[in-house]
Structures are given as structure tokens and as C-alpha cells.
Amino acid sequence: MNTQASYIALSYGDVAASALFLFLAAAFSLVLRLGLAGSIAIVAARMVVQLLAIGFVLRFIFESSSGWITLAYALVMTTFAAREVINRQDRPLSGLWRYGLGPGAMLVTGVVALLYTLAFLLQPDPWHAPRYALPLFGMILGNSMNGVALGLNAVTRAVIREKAAIEARLLLGRTRWQALRPFAAEALKTGMTPIMNAMAASGVISLPGMMTGQILAGVPPVEAVKYQLLIMFLIAGVVGLGVIAAIFATIWRLTDARHRLRPDRLAGMDDGH
Amino acid sequence: MLKIENLARSGLKPVNMMLPAGAIGVLTGPSGSGKSLFARAVVDLDPNSGEVWWKGRARSAMPAPRWRQLVGYVPAESGWWAERVGEHFANPESMRPMLQAVGLPEDAMDWPVSRTSTGERQRLALLRALEAVPDVLILDEPTAALDEGTRARVESLILERRRAGMTFMIITHDPAQAARMGDIFWRIEKGRITLQEGAPA
Chain L
1 MNTQASYIAL SYGDVAASAL FLFLAAAFSL VLRLGLAGSI AIVAARMVVQ
51 LLAIGFVLRF IFESSSGWIT LAYALVMTTF AAREVINRQD RPLSGLWRYG
101 LGPGAMLVTG VVALLYTLAF LLQPDPWHAP RYALPLFGMI LGNSMNGVAL
151 GLNAVTRAVI REKAAIEARL LLGRTRWQAL RPFAAEALKT GMTPIMNAMA
201 ASGVISLPGM MTGQILAGVP PVEAVKYQLL IMFLIAGVVG LGVIAAIFAT
251 IWRLTDARHR LRPDRLAGMD DGH
Chain R
1001 MLKIENLARS GLKPVNMMLP AGAIGVLTGP SGSGKSLFAR AVVDLDPNSG
1051 EVWWKGRARS AMPAPRWRQL VGYVPAESGW WAERVGEHFA NPESMRPMLQ
1101 AVGLPEDAMD WPVSRTSTGE RQRLALLRAL EAVPDVLILD EPTAALDEGT
1151 RARVESLILE RRRAGMTFMI ITHDPAQAAR MGDIFWRIEK GRITLQEGAP
1201 A
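Going down the list, the protein sequences come from chains L and R.
So in this note's numbering the end of the first sequence lands on 273, straight run, no missing numbers.
So in this note's numbering the end of the second sequence lands on 1201, straight run, no missing numbers.
The hints are simulated quantities; they were obtained by calculation from the structure and are not laboratory data.
Glycine included, each C-beta is placed from N, C-alpha and C at the ideal position.
You may find that some hints are simply not true.
Claimed, not checked - Not the full set, but computed from the structure, chain L residues with beta-carbon under 8 Å of chain R: (1) I160; (2) L170; (3) G173; (4) P182; (5) A185; (6) E186.
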């Protein structure tokens, strides 16, 4: 079965046995009346159900190898990521913009990077093979979602809190883009910080989870590193482009063609002044 | 001449107004009557309708940033975006000598904005607007937080700029200041602006 790699297959018994230490922690909590045993049991059970479910779903998708089923699953992932971006806004845009702008920036940059990677770099056969497309898309979306949510919040917060400062810049004859540039820079930094930290720390402080997984599965370390680098470059690029797109689209929406600041276009701010 | 025709917005009834070039117009009225709403509408900072001309050039015929370079506005409370005062000026060194004209020491350019008082920020905002050399400048309560001596300095700076050809619209609570500075007088009440016969009593 495992001719090319020294990959040790796990039995369900192995997995159950690995819960020994968590079981002990829960037992101590029970004996010492620390009140955490119940939560540990619930969270652990939930994790088992969730991961097993996703394992069976992925097995079904991989075996079917149908582009349509892969696409459907990618849409489900997109929906969850988009919902996360939308729900994490302290001050969302009013109306449908709230649903379109942030998730749109995340999705467009993510899909372009995914297609580029599949078509030119990995070149699986078929190109939409779910084994490659879905984990890649998941990692891209997960990080982009985080960055876009942070960047959007930073820019809308600036428009509310720094209204006087932005208008002072407009009053001196700056365009809306010039007037908001320092705040856009700050928002970009906020959105990019997690992925920048991850890049800086990888290999020194933390071994990235994906690389660790590949090494455990028998992939030679340098090969695993190459995969990890490819993933990191993709993720960081998508986060950067997604955050920039989301920030500038938000600035465009929160200003108008006469270079006015329009916080009234945020939900709950339409008081007419 | 600054010509305003049917300028209207929420909180402001249509305004018609003519302010000759080189004059000082004064607008008085109670708090909440719409004074800053009017000023913001003139510089196109909020959605509004109507038209404004400066020396025959229509506001709608030029980009808003260009219009605001011609017609400036200093709100009662201006915004600040950088840490130090000097960072808010295009050329802080050349503006340093101007500081004493408004009663501030020359090293005020190096102060952190967070440690300035309301009255200091008011005067610094005036200098910041003057540095951009607009043709017309709308000043919202330019001396409200100042003592007698400093107020006199700011007023004489404004008068000096007027002699050099600038046009002003001053929004003030102070009838004495209106009488000292003004050439033309308007009053605003509940969003309606009317031309006055003379200085407010």
C-alpha cells in the first residue's frame, strides 16, 4: 500500500488510545472538582464527529472525482468564509454592500490564485482534482477571510473615529484617495499582520501544520518545505491583494464622486448629517 | 464675487447670497441654527443641491478638491491626523515665522498635537488653511476659545490677509466681533439665512 513513503497507518484503536491524556485531564478535573470535565467531553466528542464527517465527505468527493461536486463543496466553504467576514464587521456597510464587498474581494483574489496554481504550478489531472483544489482553497480562504475581516474593520473604524481628520485633509484640497491614504495604510498593516507574523515565525518558532503533516505522512522534509513555501506565498499574496481590494472598495463606497466622506453609508449611521 | 444660488441641504433652506471679492461677510445665529451645515454645503463636504460660483467659475464645473483649494473652510473643531503639529503643514519651516502672528511660540511646530489646547488648535488650523492660500476662507468661530489679546492678533491677521485680496466669511457668536470685522451681515435661524441691514446689535 505505502510503497513510496514510510507512512504509518493508524487504527481506530490507536486514535482512541491517543485520547488517554485528555481522559486523564478530565478525570483529574472530576476528582478535584475543577468543573471542566463536562466541557472537555463535549468539545472532544464534537471534534470527533466533525472531523469524521468531513473525512467521509472528502472521501466521497475524492472518489467521485466530479468537477461539479468539487465546485459545490467549494461553494459551501465560500459561504462559511463569507459569513465569517460579514459577521465580524463592527460597522458593516448598509444594504447589500455588506454582503458583496468584503466577501467579493476575498473570493475574487482567492479564486484567481487557486486557478493559477492549479493550471500552471501543480497541474493535477484533471486540473480540478479535489485532492489538490479543496485543501488549497481552504487554506487560501481561511487566511484571506481573517485578513479581509481585520482590514475592513480597521478602515470603517477609521472613517468613524477619524472623520474630523479625514475631512481636514479633504478641506485642504486633497482627493478622497489622498485624504484616506494614511488610514488605508494602517488598515492594510492590520489585515496583513497575522500572515506576516506567520511567515516570520515559520521554521524558527513554529513548524507549520501542513508541513508537519506531510513529514509525518512520509514526505521528505525538503519536499514538504517546498510545498509549504508555495502555500505560504500563495496565502500571503491572496491576503495582501484581498485586503487591498477590500480596503479600496470600501473607501470608494464610503466616499463619493465629489470627494466627500460618507459615513452615512454604514449601517446604522444614516442620520442625514 | 462668491455667488451662491439656491444652495440647500437637510437642515438648510435654499440660500441665495452674494459676497464681493475682498469683502468680509459675517454670519451670526444661535447654536444649532445650521451655521456649520451651511459652511459644509458651500465647500461641498456634504450632499447638497444648488450652485456656487467663484469669480464666474461654477463649482460643479470643477473637481471638488480644486474647489476646496479656492474656497477653504476651517471648522470650529478641526481634525488632526499626525502626531506632531508640523506634520500637518506642507512646509512647516516656512510657516514657523507665522506662528507669532497668532500668539504662538515658534517651537509650536514641534509640539505633539495631543498636548495642545482647543484655542491653540484653532489658531494652528487657521494657519494650516492659510498656508494653502485659498481665495475665499470660511471661518467657523475662529476666536471662540481665545483671550482678548490673542483674539485681537487673530483678527488683525485676518484683516491683513483681506487687504492682500482674500475674501472671508466669518461665522461668529460675538456681535462685537461681527461689527468690528464685517462688511456684509447675514443671520441664520432654523436653517433660514437672511441678509441684515447692518451689524447685529
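Verification of the supplied hints:
Interface restraint check for I160(L): the shortest CB-CB distance to chain R comes to about 13 Å, outside 8 Å, so the restraint is violated. Annotation: L170(L) was flagged as interfacial toward chain R, and the flag holds, the nearest CB pair being 7 Å apart, inside 8 Å. Evaluation of the G173(L) hint against chain R yields a held restraint, the C-beta minimum of about 4 Å falling below 8 Å. At a threshold of 8 Å, the smallest CB-CB gap from P182(L) to chain R is about 6 Å, leaving the interface hint in force.
For the restraint placing A185(L) at the interface with chain R, the shortest Cβ-Cβ distance is roughly 12 Å, beyond the 8 Å limit, so the hint is violated. Taking 8 Å as the C-beta cut-off, the interface hint given for E186(L) is violated, the closest approach to chain R being about 11 Å.
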